[in-house]
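*Asks:* Protein chains in written order, with this note's numbering: chain A, 1 to 161; chain B, 1 to 129.
Please note that a few of the clues may not be correct.
Beta-carbon label-pair distances, calculated as ranges [claimed, not checked]:
(1) B:Ser110 x A:Phe26: 21 to 29 Å
(2) B:Lys20 x A:Ser51: 40 to 48 Å
(3) B:Gln47 x A:Phe26: 13 to 21 Å
(4) A:Glu128 x B:Glu79: 34 to 42 Å
(5) B:Gln47 x A:Ala113: 23 to 31 Å
(6) A:Gly72 x B:Gln72: 28 to 36 Å
(7) A:Lys124 x B:Gly123: 53 to 61 Å
(8) A:Val115 x B:Glu66: 46 to 54 Å
If you are wondering where the hints come from, they were derived from the structure by calculation, not from laboratory data.
These numbers come from a predicted model, not from an experiment.
C-beta: ideal position from N, C-alpha, C; glycine also.
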Amino acid sequence: MSEQLKEILSRVAGETLEKLAFMFSFPEDERGTIILDSAVAATISFVGPFSGTLVMTVSNQLLPELAANMLGVDDEETTLDQQHDALKETINIICGNLLPAIAGKEVVFNIDAPVIIAGVEAIKKVIEDHDNKPASIVKLNIEESECDLLLFINGKFTLAS
Amino acid sequence: MTLNILIVDDSAVMRAMILKTMHMTDLPLGEIYQAANGQEGLDVFNQHWIDLVIADINMPVMNGEEMIDRMQENPDTKEIPIIVVSTEGSKTRIERLQYKGARFIHKPFSPEIIRDTVRDITGIGVSDE
Ligand SMILES: [Mg+2]
């Protein structure tokens, strides 16, 4: 089941990045998790048949590229506000598409507003608050930059199909 | 005739993306207004004539569904076409929005689906192909 979950997370993230930001990603299982010193994270929590949190960490290099691609402008033209907004909207869309992919379209989830987590300690704390036990980790390479997705699920869940 | 459009989404980047998409179409655009939540959206109706609303659902302060409900309670706004652009994946919720008269576009969207839905809902620009 964890392999299936990972496959779903990887596919939904890849499709979202491609359609939303015209960025192509591929899984990079062999590398370690992203170096938090040079990364920024966003988290989004959800409640439904099961509850949990999705954490998306991107390298500092990827952050302006993501915003620029979404807006159709050059990297240098984006503000930090726009970069954070872009990351939040991206995780929002990944999460919105991920949950029905896991649990089916018949169930209802309430998804909180995404939040930016900046700083190594703050990101570590989010992960520790979930006992450091993600149900799934996907490490992506997006145009030579790194992006990690950690999905934490509280309690039991079942895959719809 | 030109279309005055109100884009309601809590993400400024998403509003800019929708706006960019609108400019990529050959739709006759009039004034484009933006709001970051349902309440701000309702405030725009008091000040401007709007022909079409493109709205997100998950937003702070007032969500998109509540804004749609308020629009339908008001004779001045109840006939305005609404396109919901959202990540919502629940069939029940999507059907409820459609029952309220809104068209639904799933995020992430392609520019074509926005263009085609706007054309379809307004009946404008269909012969421009
Ligand atoms: Mg939103």
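*Asks:* Which hints, by number, does the structure contradict?
*Replies:* Of the numbered hints given earlier, those the structure breaks are 2, 3, 4 and 8, listed in rising order.
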